[in-house]
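Read in order, the letters of the sequence shown correspond to residues 1 to 288 in our numbering.
No wet-lab data here; the hints were simulated from the structure. Just so you know, even glycine gets a beta-carbon here, dropped at the ideal spot from N, CA and C. Treat the hints with care, since some could be wrong.
Derived CB-CB ranges, DEER-like [as the list claims (entries may be wrong)]:
| no. | residue 1 | residue 2 | range |
| --- | --- | --- | --- |
| 1 | P237 | D62 | 29 to 37 Å |
| 2 | K37 | F229 | 32 to 40 Å |
| 3 | P237 | K197 | 18 to 26 Å |
| 4 | H234 | I286 | 13 to 21 Å |
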Amino acid sequence: MKRLDIRTRDPFIFVENGTYYMYSTHGGKGLGVWVYKSENLENFSEPIHCFVPPADFWATKDNWAPEMHKYNGKYYLFVSYKSETERRGTQIFKADSPEGPFHIHSDGPVTPRDWECLDGTLYVDKKGTPYMIFCHEWSQVHNGEMCCIQLSDDLSKAVSEPHLMFKAGDHPLPVDIKAARKENWYGKVTDGCFIYKTDSDRLIMIWSSVGENDTYLQLQAVCDDGDIFSTWRHDAPAIMTDDGGHGMIFTDLSGKTMLSLHRPNHNEMERAHFFEIKYNGEYLEIVK
């Protein structure tokens, strides 16, 4: 399959043993998760159904933003789900291979059960402590929040209260939006968080929001001292303002630092795009 023939939002790339793995939920259709394999990021295998939910699975809709992380020799899939009676949250699944099959690891979402949450990503600090960074959704709090919560050493549950890192309105570019379907849905969006560690211990969080003219934005926040509980500043330029976002960063097989994101941000049109990026000593930018 050619890359541009695959409809996917939030493309997450994992690289191991000369193979790229791209995780997808097929645009939210069904509750499973698929992975595509590639040797060159242009030609991909047919999708492999790497997570098939059991018949009594709690969620009924909105499987979003699968991420796959290797941790202590095992493979962990983070996926956001929702049901008619349960709020949206990110659950963790586990496997012995990046192809799965993944099995339920956490008892439901590890994000707060009374919050609307999505897009959980794994971050392990320099002491080896695992955290999930996630978005407290704008549909509930209106000024979307970026939060973190400490995970148990086996990634099976949260072991701390959530900590507020920053809000969408702290950045100058996100604008108030309103969903036509629901009168109480308005505010500024946070989604698609991912942490990049620089050689100097500075942390850069890439994340997305919505700007003027309903354009999807790929933004970045900077933490100078490498502590996720410290101040995040929002003076770095946007990585992309041309309707692309929900990015993540990986190293390709030639050693280049790459940004993966989807664009455009319109239903049925989303495709994975990859860009070489660099850290210029202050922030991230696309290599021209």
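Violating hint indices (sorted, rising): Of the numbered hints given earlier, the structure breaks none, since each of them holds.
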